[in-house]
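Participant: With the sequences and hints as input, model every part of the structure.
4 protein chains.
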Amino acid sequence: MKDYVIELEKPDFEVRTDLAVEERESFPGDGGEIAGVSLREWHEEDSCVKMTEVKILDEQGARAMRKPKGTYLTLEADQLAKKDEDFHEEVAAELSRHIRRLMEGLLGAKAKTPAEYKILAVGLGNSQVTPDSLGPEVVGNLQVTRHLEGQYGAGFLKGRNLPSLSGIVPGVMAQTGMETAEILRGIIKETKPDILIAIDALAARSIRRLGTTIQLTDTGIHPGSGVGNHRHGLTRESLGIPVLSIGVPTVVGAAAIVQDTISALIQVLSKHASTQGMGQYVEDLDPDEQYLLIRELLEPEFGSLFVTPPNIDETIVQLSFTISEGIHKAIFA
Amino acid sequence: MKDYVIELEKPDFEVRTDLAVEERESFPGDGGEIAGVSLREWHEEDSCVKMTEVKILDEQGARAMRKPKGTYLTLEADQLAKKDEDFHEEVAAELSRHIRRLMEGLLGAKAKTPAEYKILAVGLGNSQVTPDSLGPEVVGNLQVTRHLEGQYGAGFLKGRNLPSLSGIVPGVMAQTGMETAEILRGIIKETKPDILIAIDALAARSIRRLGTTIQLTDTGIHPGSGVGNHRHGLTRESLGIPVLSIGVPTVVGAAAIVQDTISALIQVLSKHASTQGMGQYVEDLDPDEQYLLIRELLEPEFGSLFVTPPNIDETIVQLSFTISEGIHKAIFA
Amino acid sequence: MKDYVIELEKPDFEVRTDLAVEERESFPGDGGEIAGVSLREWHEEDSCVKMTEVKILDEQGARAMRKPKGTYLTLEADQLAKKDEDFHEEVAAELSRHIRRLMEGLLGAKAKTPAEYKILAVGLGNSQVTPDSLGPEVVGNLQVTRHLEGQYGAGFLKGRNLPSLSGIVPGVMAQTGMETAEILRGIIKETKPDILIAIDALAARSIRRLGTTIQLTDTGIHPGSGVGNHRHGLTRESLGIPVLSIGVPTVVGAAAIVQDTISALIQVLSKHASTQGMGQYVEDLDPDEQYLLIRELLEPEFGSLFVTPPNIDETIVQLSFTISEGIHKAIFA
Amino acid sequence: MKDYVIELEKPDFEVRTDLAVEERESFPGDGGEIAGVSLREWHEEDSCVKMTEVKILDEQGARAMRKPKGTYLTLEADQLAKKDEDFHEEVAAELSRHIRRLMEGLLGAKAKTPAEYKILAVGLGNSQVTPDSLGPEVVGNLQVTRHLEGQYGAGFLKGRNLPSLSGIVPGVMAQTGMETAEILRGIIKETKPDILIAIDALAARSIRRLGTTIQLTDTGIHPGSGVGNHRHGLTRESLGIPVLSIGVPTVVGAAAIVQDTISALIQVLSKHASTQGMGQYVEDLDPDEQYLLIRELLEPEFGSLFVTPPNIDETIVQLSFTISEGIHKAIFA
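Protein chains in written order, with the numbering used here: chain A, 44 to 376; chain B, 44 to 376; chain C, 44 to 376; chain D, 44 to 376.
The hints are simulated quantities; they were obtained by calculation from the structure and are not laboratory data.
A virtual CB, placed ideally from N, CA and C, is assigned to each residue, including glycine.
Take the hints with a grain of salt, since some may be wrong.
Claimed, not checked - Here are some, though not all, of the chain A residues that point toward chain B, as calculated from beta-carbon distances under 7 Å: (1) Gln171; (2) Val172; (3) Thr173; (4) Ala197; (5) Gly198; (6) Ile300; (7) Ser347; (8) Pro352.
As the list claims (entries may be wrong) - Covered, in the sense of this in silico footprint (three residues per stretch, anywhere, with C-beta under 8 Å from a C-beta of chain B), are these stretches of chain C: (9) 183-190; (10) 212-218; (11) 222-228.
Facilitator: What follows is the structure, given as structure tokens:
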């Protein structure tokens, strides 16, 4: 798919994915090497969860992947979208190990056990719009502890080997009139957590990813990511503390559907004997001509529209429990 | 757009609209006559609401429009999607007049004033999925009265010139395990209303319709309509009482986006000198070849996916108030 | 507490409890026998859940207990109100055994395994008022199956050894204008379930019961019970099928607080040397004088007010999962 | 009611009201003067809303009233709890005038028109517990504007004569693990509003106040006030900017019911010939003896329990619209 290359330079009809694993797949010759990007795929023992780790190692990799340097871990399983308590228990356990490892990487020598962490969890997204409500739901499920220190005295948490966990659901800019980054920066300065765990609903490229993938990263949330399209990033640079982010794709941008249709149409035209020349012809267009072609097909309104399945409410209920359980298991040792 | 013709015969990739006004627009030579269908457009005095009445007069019209005989009235205004209390007040007043006229048509000589009606309002759709929650929200806003007769004695409502209004939010089949038609048939037999007012979120063909159009019909709700795709119809035949339905498009089917892209691509190919031949070529394909082409482009999952804007929560809040106000004004004289 | 006797005859300031176990406790000489009522208390092996079975055996017992003949089973544990997943898993298992036993008793020879049951679950109460939202929450958690037969063909459920489960959240009379009994009677006639499982938030006498007790009965829901005070009963007589009800006390009537205060004040007056005579005096008042006294203290508005703890939202989340899990385990063998 | 005096010194069974007008009423000889407190009652022209202004002028008044120095304005009308759109429109207009006047008082010469204000609205309370959800509902209704400056460029708001309005729903400490004061202090430092408007559900002494009174103050929110019992105040001192608070009583503390019952019992005992001596006797007890008496009657759990009516959901819907409309009218000139 050459189109991607075009988009990089002409971002006005960017078909975006929040998943590094999808960005990686978009490169031609799927198995090939990309300079500055490492890829590892595996299954944990006895697990049907497919793990993929994409590491963006340097600036060259970051440019190619259109994502900042860092680690992007995905857990994938078709059953994730379904109601199966035992399976979700299993995924939560697996998730917790990866959360803990990433936290250790981010906090370095600062902490020895999770119980010494001071963690702020933030549920990003709009709780009033179902596919954007994953973050608020997860934080709603969390068992916060930070206030117990104030209620029962200093040492209360340490004495019980409990971490200090706080949580916030800031709302989206159309509700608050404020950038999420502003709200969080203020809260972080006042309450001084060591690390932010940000939970967010993501946009994928492919509809088969919806509700079947969990992505963990140590790179923060970047402008233009998430269903709600944050303008300002939530990163160590902007917030002053490291950010571990956990996301699940719940929507596909409408523009992605359009682009897929065009790609498919070209392939179809190329396959059928009668239209073979045309498909080839379109494929042979130079980037500027392709750009012009796609531009005319993409109505400007499409940029903000998203595609989502009708049972998204059940997916959100299931996955928000899996993720909150994963966080609990990771930090309540 | 010839494709529509194809779809009529090969319904497996039906690109559907719940709006008669859109179905009407899909015919070639937009202004032309369709046998068995009448069309009237106007503005009420001093109003910026565009009114359109499509009447399907006979079986021929029904076949052409793929909708049953009856009256389809739309109120259209771009401001509907916005927060403007005075405007919503105005639309509610206009809506109420049309609701009352349709009710009089459906109930005939049975009732002389709205206060003699026994009305059951049903909020169709899934309250947990934002774009499907219009019906539940409207019914939640309604001021029911039927129980007052039981609480304060027979004659209470008549004495106050009040109609008997009851309301139900039955939920969707994935939540109840029951067809909505089964639930309503049971309730209607027990509580004996004269008329059902069904409020539902609709699927449109065009994204510019989302939140800007209200459709009133006297034909009931038909299989495959609504965001949630009811399998069994809610009609005078299936329920035993006349059905007035009120709907607002809140989603566009993902398949519609695909089809629009293909149409646009063909047009673009036809326009550009270099590809002119191809567009023409595709347009000239016979229906079976076109069918094959589109079939390959439409992934089967697309059938159930829908496209919706990110601020759909605000649209639902606004329009559910406008509609509940319209119903109140229509029946509380 | 003699007052209860008064209330039986002068029901206008009835201080009511929906729990048979509390009604039983209100009799003087707690351990004593009551004609027509049997009492059994035990712990299941290795369980910290206290079980109590009150059986009302005949009309005499029914009059004394002010509740209809039948079995009233309670599971009690202080931890129920708390967030402890393992414990809730344990209680759900225990609950499921009792649900199954009561169902077998109600359905008799009709069914051999739960998979042959056709069950309708109804979530009573107002989903918009937190302490009354238990029933709607439980039904929202249930995995209904009845519609799968329609979607995948007759025999689908039997082939998979699955029961036919449907669910409804009818809303309260102030929202629907209809009696819950009317709505259910209609749905039952149309969909023909074998048994109704009714889940409801209950009113207790004692605040320490709030969120710590689950009551199961085979007698249906009776007028005046539940937080929302149903006027018409939901019983085998009114609905035509047996009713298993599951309830958790989430409120105490404000009148109960008033009565407790008076009782306590009298006791205090009796204990203190200086006021001993007075307490005695009040206690010695004949029922009519006591009645007059209490009547003056009870403001009429108190009848509808209820007392509830501020963390009732967490209690509802916890217990609705425990109960939906209990139902799942009982019927999905 | 002497008891109040006791409570001041022995705060462990404080029966609290958030309404200055109720505190004022609790003084013996209702019309009498209290040093350091001024009282004014009136009706605006053609309005059925009863206005009361209590001004606490100095430290002596503050001690007597157990509330800080400042202005406490109440709007009272029985219809407030009911659904009557025209009336709510009227109250919103009246409310807006008082909000504007208080804002002008708090901001002094700083601003000339509301359009120059930078306002942060905070919805206090727990959105998951119906009687505590007033604040979150009001802020959910508000039309924020602050972000438009960022989206459409500096000068956008000024050019349209719009104030900068932002809003936040911070959640309660059991959900966030943080003091609301911490969260707000952080957000205020980052976003620099001129004034905070805090909306909160209040606790009243008398059940007839529930949903029928709106209180406006210029003194901030103080520890122990609100349904959720904030521990740390939200005041100009703690936050750095002036605080205008708007509240509606939605609960009565259970302890208030107990105390009312005792007072009423004593009165009853005093009235009846046969028990006249006792009532007198109890009234004549010295404060310490009374203290002992009441202490024994108040179960410690009562402190956190609250009393609320079953239709509190409707009250919240009505009043949250009235208040958000009042704020809109006050600042969008």
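Participant: Each hint should be assessed against the structure and marked as holding or not.
Facilitator: Tested hints:
no. : hint    : verdict
1   : Gln171  : 4 Å, holds
2   : Val172  : 5 Å, holds
3   : Thr173  : 5 Å, holds
4   : Ala197  : 42 Å, violated
5   : Gly198  : 43 Å, violated
6   : Ile300  : 5 Å, holds
7   : Ser347  : 6 Å, holds
8   : Pro352  : 6 Å, holds
9   : 183-190 : holds (count 5)
10  : 212-218 : holds (count 6)
11  : 222-228 : holds (count 4)
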